[in-house]
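Assemble chains P and H onto chain U, guided by the hints.
Each chain, letter by letter, is given below.
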Amino acid sequence: MPALPLDDAGPYVAAAYLVFVALILIYVAIMASKLVRIARQLGELTELLDRRRRRDGELDAEAEEAVSR
Amino acid sequence: MTSEGCSGEARARPTPVPEGRVPPMRRAVGALVRKDLRIELRTGEAVPAMLLFSVSTFVLFHFALDRRSVEGELAAGVLWVTLLFAAVLGIVRLFVAEREQGGFDGFLLAPVDRTSLFVAKAAVLFCFLAAVELAAVPAFAILLLEPTPWEAAPELVAVLLLADVGVAVVGTLIGALGIQTRARELIVPILALPLLIPLAIAAARATSPLLLEAGAEAVPGRWLLVLGLYDLVFGLLAFAVFDFLLEE
Amino acid sequence: MFARGLVPLSIASVVLVVGAFALVFFYAPNDADQGFIQKIFYLHVPLAIVALCGFMAGGVWGIRHLRDGDRAHDLRSYVAIHLALIFGVGALVTGSIWAKASWGHWWLWDEPTLVSFLIVFLLYACYTPLRFSIEDPERQARTAAVFAILGGAFVPLNFLAVRMAESLTHPRVLSATGGSMPGSMRLTFLVALAGMAVLFVTLCKYELTSKEASMKLRALRRRLADDEDAAWTPTRRSAAPQQL
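Chains as they are written, first to last, in the working numbering: chain U, 1 to 69; chain P, 1 to 248; chain H, 1 to 244.
Pairwise CB distance ranges, derived in the manner of DEER restraints:
hint	chain 1	residue 1	chain 2	residue 2	range
1	H	Phe132	P	Ala130	34 to 42 Å
2	H	Arg64	P	Leu186	23 to 31 Å
3	P	Leu186	H	Thr209	32 to 40 Å
4	H	Arg222	P	Val96	35 to 43 Å
5	U	Asp56	H	Leu220	13 to 21 Å
The hints are simulated quantities; they were obtained by calculation from the structure and are not laboratory data.
The structure displayed is predicted, hence computed values, not measured ones.
Backbone N, C-alpha and C define an ideal beta-carbon position, used for all residues, glycine too.
Bound conformation, chain U alone (with noise of 0.2 Å):
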């Protein structure tokens, strides 16, 4: 099993691997933004339904209660 050879070689080599993680890297980061982004406008969006069945939900008990007036 060769070790890291400690000569000139070894920076540029280990340079060329670390480019190529930090592109994936960065991608995982840029993709992690978009899928927060997401999560939140689901939830914006789940809150929009909630409010809008409990309005429903109220407007349904007020019909009743003035058909049964």
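Coordinates of chains P and H only, in the frame set by chain U:
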């Protein structure tokens, strides 16, 4: 512009009509070429500017390179870089009249094959380039060239014409691409230059033996082959693809 | 729609890429001429090959979009070219590092693959600005498809021209080995190439799935937007396709 209404009809291919009703493509091409050449002769917008730009660039090269004359590979390089930049100037203006004065709509309503617009514009660009080179190459010879290229003139003309076909084809395609965008003057140069690099390589390599001080040598045939291949590939592509650029 | 097969693909890319790197450092022998530096070859060449194939795939999806007008093809074309550009940056940077380590210069005009790659990269770098400068989404998709087709045809032509331009005076400098490649090196290279290719496809699917989710979310918002308290912002201008 929505695609309903009258544009929808323009979009449909012309339905089969009895023989003789639809004008053949060469008539349409001829009409379009004559129109553009006539406009250019009357207003003189593109060619004089391209020519002036070329000569100014030659002067610039004289100072930038700090040489009284160039020969061989350097001469070929200076010549082709200048010609290509001048061509870009022409490409930017190629479709402007159509865009600004509604020529596209008029053309789309006419019952002609849409590829005729491509052929016409490419022919017009080719004529512009030929006209510019007719004056610019002698100017180059006078200003910067040590040897006289007259003995190699036929080969030089052949290389110029072959390369002009490629520039005309690619230039028309990019002009049509660029006309869709808002940043036309920026998009066209940055798109055109990389696409034209193989042509520039082949043209410069083909021209450099002709401009040697010691006397013109033969042009390596393989570069002419590359030029021809470039012209063929992009010509075929343009035929296949140009229609889609015109749809509204 | 796009998410099918994403998980198995991502697992496969982990296995192949990690396996390739393990082979590079623990199995492949050191090159006789270049020594340890040659290990960059297993990174640089697969990145370049996959990027070029990605550009050409973008052209193929462009053809399919023009043929049937399906916007999903345009989205695939956009994502393929986008990711190929990123892989292309990786190829250029690793190629430059290799040049510096081998020959002492950060750039080599003598190496035709590097030079033609730079030209291709310069061309495709215009793809996103071109898309962004066209507002109408149908026009944008069609124009981008035409550009992708032109670029896809350009890649082999350009490679040929540059190769011919340099071949007479300068021999290949950044070749894999001095002579022929021994079997162990070839195996490592093939695994690395397969790993990069699978990684590329995985990342494409990843991005496609994410874009599809965003689009569906936007459509959902629009459907609920008739309510006053829904904050629906109209779509901003964008280079990417916004709707399928």
